[in-house]
Amino acid sequence: MFGNGKKIQLVWLLASVSLVSIVVISYLKASLELEDAEQAYYSQWWRLGYDDQPPLYTWIQKLVNSLFGVSKFSFSFFRGLLFGTTLLLLYATAKRTLSDKFRAEMVVLGTVLIPVFIDFTYRRLSHTLLLCLIVLLTYFVIRKLIDKKSMRNYALLGICFGLGMLTKYNYSLFLLALLAASFFDVSLKQVVWNRKILMSSLIALLLFSPHFYWLLKADYVSFINNSLRVKLETDTQGILILTPMLEIVKALLEIYWPIILISVVLILLKRARWKTENQLKWLVTMGLVQIAVFLLFFVFLDVQEIHSRWLLPMLLPFLILLINGLDFTAKSIRKWGIFIFLLVICFQILRTPAERLLGIPSDIHFDYSKLSRKLNAAHSDAVWVLPNVTYGGQIRLLNPNKELFTLDDFSIQHANKKIKKQVVVSPLNDFFDNLNIKDSLLQYGPEKEHFYFFEGNSAEIPFFPQSP
Numbered sequence: 001m002f003g004n005g006k007k008i009q010l011v012w013l014l015a016s017v018s019l020v021s022i023v024v025i026s027y028l029k030a031s032l033e034l035e036d037a038e039q040a041y042y043s044q045w046w047r048l049g050y051d052d053q054p055p056l057y058t059w060i061q062k063l064v065n066s067l068f069g070v071s072k073f074s075f076s077f078f079r080g081l082l083f084g085t086t087l088l089l090l091y092a093t094a095k096r097t098l099s100d101k102f103r104a105e106m107v108v109l110g111t112v113l114i115p116v117f118i119d120f121t122y123r124r125l126s127h128t129l130l131l132c133l134i135v136l137l138t139y140f141v142i143r144k145l146i147d148k149k150s151m152r153n154y155a156l157l158g159i160c161f162g163l164g165m166l167t168k169y170n171y172s173l174f175l176l177a178l179l180a181a182s183f184f185d186v187s188l189k190q191v192v193w194n195r196k197i198l199m200s201s202l203i204a205l206l207l208f209s210p211h212f213y214w215l216l217k218a219d220y221v222s223f224i225n226n227s228l229r230v231k232l233e234t235d236t237q238g239i240l241i242l243t244p245m246l247e248i249v250k251a252l253l254e255i256y257w258p259i260i261l262i263s264v265v266l267i268l269l270k271r272a273r274w275k276t277e278n279q280l281k282w283l284v285t286m287g288l289v290q291i292a293v294f295l296l297f298f299v300f301l302d303v304q305e306i307h308s309r310w311l312l313p314m315l316l317p318f319l320i321l322l323i324n325g326l327d328f329t330a331k332s333i334r335k336w337g338i339f340i341f342l343l344v345i346c347f348q349i350l351r352t353p354a355e356r357l358l359g360i361p362s363d364i365h366f367d368y369s370k371l372s373r374k375l376n377a378a379h380s381d382a383v384w385v386l387p388n389v390t391y392g393g394q395i396r397l398l399n400p401n402k403e404l405f406t407l408d409d410f411s412i413q414h415a416n417k418k419i420k421k422q423v424v425v426s427p428l429n430d431f432f433d434n435l436n437i438k439d440s441l442l443q444y445g446p447e448k449e450h451f452y453f454f455e456g457n458s459a460e461i462p463f464f465p466q467s468p
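Using UniProt numbering, the letters of the sequence shown map in sequence onto residues 1 to 468.
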């Protein structure tokens, strides 16, 4: 897929440096990042769904854990591998689209100027990073289909569709954009409105149907709906239509403002020229339609706050368009790009110990071993129920062979397994009428909360008392 090794030596270097640095950074932290803690907890089981996310990331993480154990290395190595592979696939997609090795390398180097990618995604995001990879893979296959509409390529497209929906639900916004764009571009129309797309759809349905069946069971849909409503802040008051539109503009600027600014500076300094001709009409059409789909979706739901990380996976491929529009007059820009990329990676490595040295507060600097020792000392024979998946994941990292549960895990599977003894850790000291307070841990955790230890007998999984 990626061609001759010598041709992409630089990209392999950047991918390898990114992978190693992500692993190194994880060992400079006292605890896991939020997303890694969630994976440490959920990867205890095989499920068709986890919380308000599809299951693909956790399935792969569970496989990685089976190879390397429940450790910081397992979680950081998987994220680092995804980040590096995303860079490689971005290069491959750009190279196939632009037919220009230099520009393809500049596309990869340009990612260092996308803050949400080189910072937030690089340091902690899980499902979003996997979706970046799947969306890029989908574009790569679409580009292949424009050239050759073979059954093999349509089968690959169906796999991309299915895996995308198993990664994050907002992949559906990409599918809507692809369908809509096919009405405005001949190349995309020939790909989408081909009888072979039925095979792609069938493969996608087969991959997604088990999770879809899971969604329809019990109250999972309502749980996910409530969770998404909180994330999207649809209950918050704002200016109808205008607020969602302004939020989308803000999110777009958060993603692309640094690279747009640098591009303008390069043009003013005559180190680059803006090309008026554009041979990527199909990609331009996809970009415009994708933004239109975002506008319609968020305006329809009256979303009051939009985070740039939600849009990043669908917008990252359009970095190819921006680089294609620039005609670089100084090839030395490549050397500066490499220098800046490696400089930012070095900054990311030094950032964590610097924060600790300067006393900058962060959840990743908190050590959860005190809670773990207390549970092991007084409740080693009980089933542990932690207040939330963050605590659950942090404690499981310290006790990888201990099965534990959390109060906010609504996707836990029903089991006819009775528990002789359980201990519930919760900041609510008057909520569990049927359990007795046996112990406490005051002013504890990143938020300095009071935690109370409740003991009870004969509970059934998953019928733990739920916090309000």
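Derived from the structure by calculation, the hints contain no laboratory data. Nothing here was measured: the structure is a model prediction, and the numbers come from that model. Backbone N, C-alpha and C fix where the C-beta goes; we use that ideal spot for every residue, glycine too. Treat the hints with care, as some may be off.
[What the hints assert, rightly or not] Cut-off 25 Å, straight-line C-alpha distance, at most; resulting in silico cross-link-like pairs (BS3-like, lysine-lysine): (1) K72 with K374; (2) K217 with K101; (3) K335 with K270; (4) K420 with K402; (5) K62 with K72; (6) K270 with K370; (7) K331 with K72; (8) K148 with K196; (9) K196 with K144; (10) K101 with K144; (11) K275 with K331; (12) K189 with K101; (13) K281 with K149; (14) K101 with K62; (15) K62 with K270; (16) K374 with K101; (17) K331 with K62; (18) K335 with K275; (19) K374 with K335; (20) K374 with K421; (21) K270 with K144; (22) K448 with K420; (23) K217 with K149; (24) K250 with K101; (25) K374 with K448; (26) K148 with K270; (27) K421 with K438; (28) K217 with K275; (29) K370 with K448; (30) K270 with K72; (31) K189 with K149; (32) K438 with K448; (33) K281 with K196; (34) K101 with K331; (35) K370 with K402.
[Said to hold, decoys possible] Cβ-Cβ distance ranges computed for the label pairs, FRET-style: (36) L216 with L301: 37 to 43 Å; (37) K335 with L216: 51 to 57 Å; (38) Q9 with K275: 41 to 47 Å.
(request) Would you list, in rising numerical order, the hints stated earlier that this structure does not obey? (result) 2, 6, 7, 12, 14, 15, 16, 17, 19, 21, 22, 23, 24, 26, 28, 30, 36 and 38
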